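A.B. asks: Residue numbers (the numbering used here), protein chains in the order written: chain A, 1 to 514; chain B, 1 to 306.
Any given hint could turn out to be false.
Using 30 Å as the maximum straight-line C-alpha spacing, the simulated DSS-like pairs for lysine-lysine come out as follows [claimed, not checked]:
1) K128/A <-> K342/A
2) K220/B <-> K131/A
3) K135/A <-> K174/A
4) K221/A <-> K428/A
5) K220/B <-> K205/B
6) K128/A <-> K220/B
7) K131/A <-> K510/A
8) K454/A <-> K216/A
9) K174/A <-> K78/B
10) K428/A <-> K131/A
11) K342/A <-> K331/A
12) K173/A <-> K78/B
Hint data in this document are derived by calculation from the structure and do not stem from the laboratory.
Being a predicted model, the structure only gives us computed values, none of them experimental.
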Amino acid sequence: MRHLALRARAFVLSLPLLLGLAPAASAAPEGTMTWGVHITLASRWLDPAETEGIITPFMVLYALHDALVKPMPAGINTPSLAESFTQSKDGLTYEFVIRKGVKFHNGEPVTAEDVKFSFDRYRGSGAKALKDRVKELQIVDPGRVRFHLKEPWPDFMTFYGTSATGAGWIVPKKYVEHVGDDGFKRSPIGAGPYKFVSFNPGVELVLEAWDGYWRKTPNIKRLVLRSMAEETTRAAALKKGEVDIAYLLSGPVAEDIRRMPGFKLVAPKESPAIFWVDLPDQWDPKSPWHDRRVRLATSHALDRQALNQAETLGFSTPTGSLIPRALEFSKVFPTPAFDVQKAKQLMAEAGYPNGFDAGDFYPWPPYFSMGEALAGYLQSIGIRTKMRIMERATMTAAWRDRKLKNVIIGITGAGGNAATRLEAYVSKGGIYTSGVMPDVEDLFQRQARETDVKKREALLHQIQQILHDRVTQIPIYELAFIWGVHPRVEEPGVNLIRSFAYSAPLEDLKLKRQ
Amino acid sequence: MSRFILGRLLQSIVSLVVVSMVVFVLVRLSGDPIRIMAPPEASEADIALMRNYLGLDRPWPVQYWNFLTRAVQGDFGKSVRFRRPAMELIVERYGATLELGGLAVLIVIAVALPVGVYAAVRRGTVLDYLARGFAALGQAVPPFWLGLLLVLLFGVLLHLVPTSGRGSPLHVILPGITLGWFAVAGLMRLTRSSMLDVLGTEYVKLARIKGLPERQVIWKHAFKNAALPVVTFAALLFVALLNGSIIVETVFNWPGLGLLVIEAVDSRDYPIVQAVVMCLSAMYIGVNLLVDVLYAYLNPKIRYSP
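Next up, chain B with everything else stripped away, as it sits in the complex (with noise of 0.2 Å):
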């Protein structure tokens, strides 16, 4: 088992550098950050010594080494264009990023596996295709979009909740929603096909034979067992939330890691770019690799697949 994570532990930590790579080579390729610091008329000499003082006149594989070794440290830099540490940034908003992923991952565990399993045990009624529908339709609306929609009928019509921003608890239902429906769908799939599986097993029929309640065949034996792949599922589906947080947050201005990260790509704020990307980044390798040493364990099979 030890083997194994070791294992486990160090692909997540060359998949960590390859990504450290790729978004310092992509910050650079999109232009030249001194280009927006410098005043307009600020001259050659001027934007030689600012490009000095923050080492971007090194070669690449200097820069990318001083990089990588103050990274691991928890340093990424100074914002430019807040001129503070870009990780006491991401720690500042992490906390409203996290409330609306939470919040997202709750409205679609609440939505999403209870009317799975009702599609999946009344499979061809028009509830289950009403319930498709209802996904698709969440699959099929951009978020963007979705939210606009919302924002009129429930902020400015009915005037139940605030329409942007972050204070009261009110303030995140409508963000929690639209961030929320999109991923509804994929885990009502799932957890449909999931219990469908499950439902034909024999075990299943025995169950019913043996005349035990429907909701006790359905919860305890059937939903129990068709449960693994849904939560796998819907830990990485948090981590997802989060990196897909960043339209839903301009929309609502929501102060998250997402509003932060576009305005950072817009003024090319590229500490701030390459600490978020780091971070959203090391999350989802953990996350995975957390599942990964769960499935080790309650399945030894794994352990020894190559």
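Bound conformation, chain A alone (with noise of 0.2 Å):
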């Protein structure tokens, strides 16, 4: 067995100690939370091992799951099921401590059986990168695994601990085996705060206060999240107090929501989700926007604040950065200035001084009268566009097989950190990437390989400077992800998981006793 040469790390934690808490005695669970939730729930979403790459997951599993490590108030790598965790010096190796008396919803215990078999499973985002580099998950004792990965990978803790997948949220081995795939999406049992009570889907899911829960016991006994897809349905029920907090409300429905005496609206101060323009037309030596003037006048003809005070009340941040703040390894650019003059001025040294007719125009659904803004921005010195407005999906799978072409908006929201922002949309092996600079690449290989921190970080501050100076990407906003809040609500638990876009943690949550 490979000897492990353990070094102290910062987070090797002591939990409690970390978060001030004990498992002091608590007021029983009171109450009925509501949300109007702005998508359709899935099933899939009740089950750890189909998390797609994307937060709206999370926001199930923070009540019904809980993981090994997770982001929480304390960091975005705190132990949870587990009670630390640590990395071996040659990086090869991994392992976790399970915390001891951690329980199921029906009474059994967390194991590290329970541990290798939820990440066996797992086949959600992220599941081929992951288990292609682990070559084992040894279970060392009831309490204990051991990750050994094939090689050093500085991104186990990012693929593994983070939302970036669900790869690290421990389902009960023994009642899965026993119900089946379809048997526990109809009756999830997890080791979470909140336990399992029922789901009409596409409708609601409640769920009940478990007081077993190993952290502390919730606050409030009952939550309920309501799927309604119309704004102004769930800004109606907000007002009428039908829900305790709405999320994603935008333009004058939110203004409405802000004038309501005791109603108040918030949003995550940092946020993983950001706007740009790509153009995939760049890599053409033929096309205009092949000239770097051309996209620098682009970027200087978008008015970013007034497009963020009309479309998110000023809750988003403009940025001139590709990568956001709340990512690690980020690198923060100022915003390009608003200067319609100049990007007139640039315009005509690329040769274009009465513009030119750039295609079609792909706005990010459903955003289209920021489209329409944008699109107006353009206009303004003389690239000419022509609207296309396709569903979600279609254009998702349209961009992926890269079917567009011309001037798309995209946004993504996906967790992680630089790097993996950056393989999706960048690197030569990227989802989205429709040009690869060669430069960039042997960057992104090397800081691929690079196990000290420090200098993966310069590599990955090296590639955002390249793509900042060649304009290669035009970024928007930080995009703001504003909820309403009703008045009777005391703690609805927005930021107290840095960059979380939903409520959490479900257990922190309180209302104002009535």
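Hints given; two lone chains; assemble the complex.
C.D. replies: So, in structure tokens, the structure goes:
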């Protein structure tokens, strides 16, 4: 067995000390908190094994399930079902010690067998990347597991211990084997702060506080997540008090809520979601977009602050960076100035004093009003486009399959770090990459092998500097995800976990006493 | 009569088969569902495996035959999004849509019949114009806008009814009115014109000459004869309202078939889309068949017409 030269790391934590929490006696949970959520709740989100590469499933996972390590108020890799984890000096082994006494909702203890089973069973986002690199998951004893990697992989904890994937979220082996995958989705059992009560597909999910949760007994007895696709319906339900929190409000609807006494609008201070203008034609030497001056002119033609005010009431953060501040290894660049004169001058220097026909313009669904505004900014310097509206899934698939040309409004809020973000949109193997720069690709490959954090950060910053200098993407703003909160909510759970889009940790939420 | 029924039955089956072909082809033309189901970094091999598992790698005629033979047994496959049989989800949501459609039909009948009759009897008066204006407004105002106005007024400002969802009897009032108002106009105008036709007939004049009370002339003699096309229209209206509930269910977050199919279209959940379209089409065709048979029973001349 490999000798573990364990090095003391800051992340070797004793959670009660870190959080200042002890399993102290608390008042019995009471009350019901209801959310009006903007998407249709899907059955697969009840099962961590099928977690997609988006943040949405974690809205449910933080209630029903728990992970060995997950983002919490204390940090991005906070031990949860694990009481500690360690990394070997050579970066080839990670060992997790399971917290003593932690149980699933059916009373069975969480064991190393469950951890191995959950990992082996995981088939969601990032599964391939993880399984390609993990040589073996060894059960050392019932309370300890050890991951052996094929080669050092600096992003292991990003993939296993953050919301980049759901691989570290633990399900009960015996129960899943007994009821099967479909049975598990019908009646999931986890180790999270809330137990499953009922799920009406596409309508609502009802959960009830579990008094056996290791961290603390939740304050609120019942949680209801209600799917409400229409923004105005969510806002009306919030005003009427039928829901306590309405996710994703924007423009005049949000403004209306802000004017109501006692109601408030909140948004995570940092957002992993970023909007940018993507220009796949720039790699074609015949295209006007191939000229850096045209891309820079476009950047200066955008009034990001006005757009932010109109679309998200100023909650978003205009930026000049492709990687949002919330992600590790991001490099912050100042927001490009809104300067139409300069933009026109650059267009003239590039040989396009009267602009050009740029073809199709694909706004990101459902942010069509934002798309119209952006097309207007382009028009102001003579870049003429035709708006092409698509359904979101179709557009995503078409973008992935390189069927979209001309001008695309891109957005992503996927978890991870700067490297995982660049991998998808810039690296050679990226699923959305439209062109590869050899120098950037070389730096990307080097950072992927670099185990020294400082050196890796320098490499990733170098990549971001190149992208910024060459204006390969035109960042717009870090999108604020605005919630409306009813006056009876004392603690909505915003900003407790850095840059997390939804209410969490759910056991910390509070309603005002009636 | 049995030959007539058999002929109509065969026509209905042919219609259903055509609908099944159209929905089968359109759903597949709208895009590849595997691209939605597969995680972004799924390899081509993974995608091929999924496609094989779901039978989507077979030729379209084979896929269609499998779809048709299973659909006949009520098996439309499993929802991509919810991983449950599509038919099971439809059965769960059906009650909500029936409740909404039922109330809308009641509202339509309760408003359109008396107002239509009254407008015919008082033709050319202010009340006639008002009634027709009310009906025209119902058809002119988009249901989503009307729904939002009703929510703001009666839900948010007056706090009389819930703004969305399903639960108590109060929940169905606003969506029922929103769905019903649009159809009031059609039925009211049909009632009015049908009544005007009947009011000019000899037997109505005779009833009046005989000195029968006006109420009796209108409701017992005139309305009874004017009601046949109205009843037919009302029966078809019920099915039409079920089909038309998609927007209203979305605005009011009413958990019925309309909301289910909108979500399914968004997520390209093709088993659900196919199942809902087939079920609603079957209902529409079934009601049409019943109306045809009823007509033939009531009017023997219809049986012998080509």
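A.B. asks: So, for every hint listed, does it hold in this structure?
C.D. replies: Now the hints, each set against the structure:
Of the supplied pair hints, the one linking K128/A and K342/A is violated, its CA atoms being roughly 46 Å apart against a limit of 30 Å. A distance of roughly 80 Å separates the Cα atoms of K220/B and K131/A; the hinted pair therefore is violated under the 30 Å criterion. Pair hint K135/A plus K174/A holds up; C-alpha atoms about 25 Å apart against a cutoff of 30 Å. Between K221/A and K428/A the alpha-carbon distance is near 49 Å, which puts this suggested pair outside the 30 Å criterion.
With a C-alpha separation of about 13 Å, the suggested pair K220/B and K205/B falls inside the 30 Å cut-off, and the hint holds. As the CA atoms of K128/A and K220/B are separated by approximately 76 Å, the hinted pair breaks the 30 Å bound. Restraint check: the Cα-Cα separation between K131/A and K510/A comes to about 39 Å, which exceeds 30 Å; the hinted pair is violated. Distance restraint check for K454/A and K216/A: the Cα-Cα separation of roughly 36 Å exceeds the 30 Å cut-off, and the hinted pair is therefore not satisfied.
At most 30 Å may separate the alpha-carbon atoms for a hinted pair to count; K174/A and K78/B meet this at roughly 25 Å. Among the hinted pairs, K428/A with K131/A is consistent with the structure: their alpha-carbon atoms are about 21 Å apart, no more than 30 Å. With a C-alpha separation of about 25 Å, the suggested pair K342/A and K331/A falls inside the 30 Å cut-off, and the hint holds. For the given pair, K173/A sits about 25 Å from K78/B by alpha-carbon distance, which is consistent with the 30 Å threshold.
In this structure, the earlier hints numbered 1, 2, 4, 6, 7 and 8 are contradicted, and the remaining ones agree with it.
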